[in-house]
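One letter stands for each residue in the lines below.
Protein chains: 2
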Amino acid sequence: ASTITLGDKEQHDNKETVASGGGAAAGGEKEKEVVSYWGVPQSKVVKEDGTQWKWNCFRPWETYQADLSIDLKKHHVPKTFLDKFAYWTVKSLRLPTDIFFQRRYGCRAMMLETVAAVPGMVGGMLLHCKSLRRFEHSGGWIKALLEEAENERMHLMTFMEVAKPKWYERALVFTVQGIFFNAYFLAYLASPKLAHRITGYLEEEAIHSYTEFLKELDKGNIENVKAPAIAIDYWRLPADSTLRDVVMVVRADEAHHRDVNHFASDIHYQGLELKDSPAPIGYH
Amino acid sequence: ASTITLGDKEQHDNKETVASGGGAAAGGEKEKEVVSYWGVPQSKVVKEDGTQWKWNCFRPWETYQADLSIDLKKHHVPKTFLDKFAYWTVKSLRLPTDIFFQRRYGCRAMMLETVAAVPGMVGGMLLHCKSLRRFEHSGGWIKALLEEAENERMHLMTFMEVAKPKWYERALVFTVQGIFFNAYFLAYLASPKLAHRITGYLEEEAIHSYTEFLKELDKGNIENVKAPAIAIDYWRLPADSTLRDVVMVVRADEAHHRDVNHFASDIHYQGLELKDSPAPIGYH
Ligand SMILES: [Fe+2]
Ligand SMILES: [Fe+2]
Ligand SMILES: [Fe+2]
Ligand SMILES: [Fe+2]
Chain B
8 ASTITLGDKE QHDNKETVAS GGGAAAGGEK EKEVVSYWGV PQSKVVKEDG TQWKWNCFRP
68 WETYQADLSI DLKKHHVPKT FLDKFAYWTV KSLRLPTDIF FQRRYGCRAM MLETVAAVPG
128 MVGGMLLHCK SLRRFEHSGG WIKALLEEAE NERMHLMTFM EVAKPKWYER ALVFTVQGIF
188 FNAYFLAYLA SPKLAHRITG YLEEEAIHSY TEFLKELDKG NIENVKAPAI AIDYWRLPAD
248 STLRDVVMVV RADEAHHRDV NHFASDIHYQ GLELKDSPAP IGYH
Chain Y
8 ASTITLGDKE QHDNKETVAS GGGAAAGGEK EKEVVSYWGV PQSKVVKEDG TQWKWNCFRP
68 WETYQADLSI DLKKHHVPKT FLDKFAYWTV KSLRLPTDIF FQRRYGCRAM MLETVAAVPG
128 MVGGMLLHCK SLRRFEHSGG WIKALLEEAE NERMHLMTFM EVAKPKWYER ALVFTVQGIF
188 FNAYFLAYLA SPKLAHRITG YLEEEAIHSY TEFLKELDKG NIENVKAPAI AIDYWRLPAD
248 STLRDVVMVV RADEAHHRDV NHFASDIHYQ GLELKDSPAP IGYH
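Protein sequence lines, in the order shown, are assigned to chains B and Y. So the first sequence is numbered by my numbering: it starts at 8 and just counts up by one. So the second sequence is numbered by my numbering: it starts at 8 and just counts up by one.
Since the hints were made in silico from the structure, they are not lab data. Accuracy of the hints is not assured; some may be wrong.
Intra- or inter-copy, both count: the list cannot distinguish identical chains.
[As the list claims (entries may be wrong)] Straight line, CA to CA, 27 angstroms or less: simulated DSS-like cross-link-like pairs of lysine-lysine:
#: 1; residue 1: Lys91; residue 2: Lys61
#: 2; residue 1: Lys54; residue 2: Lys86
#: 3; residue 1: Lys51; residue 2: Lys81
#: 4; residue 1: Lys80; residue 2: Lys171
#: 5; residue 1: Lys222; residue 2: Lys54
#: 6; residue 1: Lys222; residue 2: Lys61
#: 7; residue 1: Lys86; residue 2: Lys51
#: 8; residue 1: Lys200; residue 2: Lys51
#: 9; residue 1: Lys222; residue 2: Lys233
#: 10; residue 1: Lys81; residue 2: Lys171
#: 11; residue 1: Lys137; residue 2: Lys61
#: 12; residue 1: Lys98; residue 2: Lys54
#: 13; residue 1: Lys233; residue 2: Lys81
#: 14; residue 1: Lys226; residue 2: Lys61
#: 15; residue 1: Lys80; residue 2: Lys61
#: 16; residue 1: Lys137; residue 2: Lys86
#: 17; residue 1: Lys200; residue 2: Lys171
#: 18; residue 1: Lys173; residue 2: Lys81
#: 19; residue 1: Lys51; residue 2: Lys226
#: 20; residue 1: Lys51; residue 2: Lys137
#: 21; residue 1: Lys222; residue 2: Lys86
#: 22; residue 1: Lys137; residue 2: Lys171
#: 23; residue 1: Lys86; residue 2: Lys98
#: 24; residue 1: Lys173; residue 2: Lys233
Because the structure is a prediction, the values reported are computed rather than measured.
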């Protein structure tokens, strides 16, 4: 984006230059360059092909290579009371969701990703605070969980390009986030074992719902549009990829989250803490 | 660490192998390999010299190259009421801190880093939730603030190796974190402009306190011991580095945080949101 300097402005006794970018960049990220006293530079990243990197939210080295060979059918059979509680909690959330969205899988994906990005953030934040409080290493789990949250948020940024939220959907997300964030926060404080198991089962449902999405795409009930630009850069997809390719890699991500969260719960089941077992960083 | 397989164990109808590492690795990270049904691999990273990478909390590509040329004297002159409120809040916290720690700068550094890692996490988490709720890009600020939190946590992991917390210090950290986390959370919700300004001033105080630390080291009042192994790997310091070298790079980090947080506050002062100005990711 070309940059037009709006003029110099004296502020706080220090010279500050405010420059405003020439309109919105791709993906809804507005480019306004604020050159301040603090001289904090914007990191300009160039793509392999010499063009400027468009995304501020992820860099070329933070992109994903989807592993489509991951087993989509793996399931944790609930045995203990805690497992069954986690399983039925998730199952009981499924019914109202199915009724609300029916076959609108694009909309469903977008809405559910706003919820899916919560557990990783809550877990990462609580482990961070715990590490500080106890003067203890985290074994990389803070990073692993925050990575998961960021990956889920990128799912949302992708589906946003395909389905636009309506005002009442925005209102719903607002309410659901308020409830889910707090519920998951309390669950994680009370029992990380339960919290990770719940997330594991949520991911199993996510895999199922993306499989249904693919079926609808194949039947032609949902139009197989061109993949959004952000998805092509994030998952390093070929330029001519379609929505179907995007759903495939998103579903693979969900399968990875399922593994990580059931695994985290298993660690707790074995009487260990997460920090006792090095985290699978970069296991997408 | 060599790995001793403890035996196979049937669990949840699935084969799980629990293996336990041969004692604690450097830096207090215990290596217990939990091989579960979920087949989540531990990422094994090898250092340039061929030895195994010791740290689970950061990888070779996440290490820092300290920029010691950063201006340590920069200061934001408070002009508005909000700035003055932020300034005097921080200044009033300084007095009890000075009285409590006196000249024990090692201990002071360790204790204060448990607090310093909170603002980045709170800010990052709130921006993450906001991005989800509003279906908006973050301009990279979530990552930038979480990076800051992680850097502060690494300061703690470093000073932990030099000064060991006593039980009443642990109790104090517990209480202070409870108060500070919630206070900063509310401040950030009410006014990110104020919250970032407060952090900016906290960082200015941190620079001052590390400068005093250096003076005591130079006077010989504090012994200039060998740098902890974790610090040598994290900041890529020469193998014969000392505590003085570590304090130098930590102080440079604080100066970078000062810049980023005052800059973030400036963005809000200009009537913009953080997402409108791309974040300085990787600006340490
Ligand atoms: Fe997702
Ligand atoms: Fe997921
Ligand atoms: Fe620090
Ligand atoms: Fe700092």
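Consistency of the hints with the structure:
no., hint, in the structure
1, Lys91 x Lys61, "neither (45 angstroms within a copy, 38 angstroms between copies)"
2, Lys54 x Lys86, "neither (49 angstroms within a copy, 42 angstroms between copies)"
3, Lys51 x Lys81, "between (42 angstroms within a copy, 25 angstroms between copies)"
4, Lys80 x Lys171, "neither (31 angstroms within a copy, 48 angstroms between copies)"
5, Lys222 x Lys54, "neither (35 angstroms within a copy, 45 angstroms between copies)"
6, Lys222 x Lys61, "neither (32 angstroms within a copy, 46 angstroms between copies)"
7, Lys86 x Lys51, "neither (52 angstroms within a copy, 32 angstroms between copies)"
8, Lys200 x Lys51, "between (42 angstroms within a copy, 25 angstroms between copies)"
9, Lys222 x Lys233, "within (17 angstroms within a copy, 62 angstroms between copies)"
10, Lys81 x Lys171, "neither (33 angstroms within a copy, 45 angstroms between copies)"
11, Lys137 x Lys61, "between (36 angstroms within a copy, 22 angstroms between copies)"
12, Lys98 x Lys54, "neither (43 angstroms within a copy, 45 angstroms between copies)"
13, Lys233 x Lys81, "neither (30 angstroms within a copy, 49 angstroms between copies)"
14, Lys226 x Lys61, "neither (34 angstroms within a copy, 51 angstroms between copies)"
15, Lys80 x Lys61, "neither (36 angstroms within a copy, 35 angstroms between copies)"
16, Lys137 x Lys86, "neither (29 angstroms within a copy, 37 angstroms between copies)"
17, Lys200 x Lys171, "neither (36 angstroms within a copy, 30 angstroms between copies)"
18, Lys173 x Lys81, "neither (35 angstroms within a copy, 47 angstroms between copies)"
19, Lys51 x Lys226, "neither (43 angstroms within a copy, 43 angstroms between copies)"
20, Lys51 x Lys137, "between (35 angstroms within a copy, 25 angstroms between copies)"
21, Lys222 x Lys86, "neither (31 angstroms within a copy, 61 angstroms between copies)"
22, Lys137 x Lys171, "between (38 angstroms within a copy, 17 angstroms between copies)"
23, Lys86 x Lys98, "within (16 angstroms within a copy, 56 angstroms between copies)"
24, Lys173 x Lys233, "within (22 angstroms within a copy, 60 angstroms between copies)"
Hint compliance for this structure: hints 1, 2, 4, 5, 6, 7, 10, 12, 13, 14, 15, 16, 17, 18, 19, 21 are not met, and every other hint is.
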